[in-house]
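Please model the complete structure; the sequences and the hints are all you need to start from.
My numbering numbers the first residue of the sequence shown as 292 and each following residue consecutively.
None of these hints come from the bench; they were simulated from the model. All values derive from a computational prediction rather than experimental measurement. One or more hints might be untrue.
Here are the simulated lysine to any residue pairs, SDA-like style, with alpha carbons at most 20 Å apart [stated by the list, open to error]:
1) K409 to G444
2) K402 to K445
3) K445 to Y415
4) K409 to E398
5) K409 to D387
6) K409 to E443
7) K445 to T369
8) K445 to D414
9) K409 to G355
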Amino acid sequence: MTNNHQRGLEPVLLGNGLTVPPIGLGAMGMSAYYGASDEAESIATLRHAVDVGVTFIDTAEAYGPFENERLIGRALGTRRDEVVLATKASAETDDDGTVHGRNGTREYIRKAAHRSLKHLGTDYIDLYYLHRVDPNVTIEESVGAMAELVTEGKVRHIGLSEASAATIRRAHAVHPLAAVQSEFSLFARDVLHNDELATMRELGIGLVAFSPLGRGVLTDGVTSLDDLDADDARRTLPRFQPEAFAANRRLVERAAAIARRHGATLAQVALAWVIVEGVVPIPGMRRRSRVDENLRAMSVALSEGDRAELAEALPAVEIVGMRDYAEVGEGVDR
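So, in structure tokens, the structure goes:
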């Protein structure tokens with residue numbers, strides 16, 4: 292395993308003995324949802340991330356489907372053991388890529404895990420998540436299947452994604468969870484107030500933050516809807532509708548002013564805000580330059596006053612639109 296301490300990245304403990312660098316890489320956008328992809332740059336970015344110590348890499352069978360896992364397998368090659376590799380059992384997906392509804396049954400989780408191992412080109416997964424809780428299957432069955440994979444040596448640690456405090460407790464009682472992945476950023480602070488983060492800390496489970504940059508809004512890369520490709524899935528989300536986006540960008544400008552005061556980019560300050568909360572962010576990074584920019588968030592020192600000012604700059608009551616279309620239906624276990 293890469294020694295991130297030698298590279299200036301002090302490892303942090305998630306849970307159940309799993310340590311990771313304080314910032315990871317979300318690989319989803321390299322293969323899905325965010326418009327055109329550049330495979331050569333994606334592979335170069337993944338390898339560069341490992342070189343500089345960003346060795347916690349997050350993917351899922353859903354991203355493609357399967358294409359992101361295959362990409363990571365090609366990129367890592369013989370360097371696989373240098374990284375903490377996380378993937379997820381997602382909505383039931385046929386081998387041909389046809390996607391069905393959620394399936395948290397023992398049979399499907401085992402099938403998905405073995406397929407992910409093949410696509411990733413590895414014989415073990417460091418952290419295996421249930422991507423979304425299946426309301427038609429008990430969490431005990433789903434986590435029990437994941438625990439079997441741990442016993443068999445195919446998975447080292449397990450976690451959940453977007454799970455309620457009650458579900459986290461029930462799951463952890465079956466097998467210790469190393470992490471729960473939820474959206475957490477200056478634009479999405481629900482876990483601070485709905486008992487989820489408090490439950491994780493009580494049980495010794497780490498929080499991994501996806502979309503810590505508000506799906507790009509908390510960066511200088513998406514300042515206009517014109518910055519998105521025509522087929523970018525973000526265009527369908529509530530906060531990316533024209534009026535909502537314009538209103539939210541006005542809030543973001545307040546945070547940008549604070550970043551300028553620190554001599555940092557907006558993304559760096561937004562990530563520093565997440566990190567200082569004791570949470571591990573996994574921002575999406577599709578280019579080497581973004582890895583370098585985001586890594587410098589580790590050097591941004593935010594005082595308690597800065598943190599409060601950032602939260603006040605983006606008050607939850609003024610943020611327009613739900614964070615994800617899944618909230619409209621049954622996509623999130625809350």
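Checked hints:
Taking the CA atoms of K409 and G444, the gap is about 15 Å. The hint holds against a cut of 20 Å. Proximity of K402 to K445 is assessed by CA-CA distance (about 12 Å); at most 20 Å being required, the pair is judged to hold. Distance hint between K445 and Y415 is fulfilled; the C-alpha atoms sit about 4 Å from each other, no more than 20 Å. For the proposed pair K409 and E398, the alpha carbon gap of about 17 Å is at most 20 Å, so the pair holds.
Note on K409 and D387: the hinted pairing holds, with a Cα-Cα distance of about 15 Å set against a maximum of 20 Å. As the CA atoms of K409 and E443 are separated by approximately 16 Å, the hinted pair is consistent with the 20 Å bound. For the given pair, K445 sits about 18 Å from T369 by alpha-carbon distance, which is consistent with the 20 Å threshold. Of the supplied pair hints, the one linking K445 and D414 holds, its CA atoms being roughly 6 Å apart against a limit of 20 Å.
With a CA separation close to 15 Å, the supplied pair K409 and G355 stays within the 20 Å bound.
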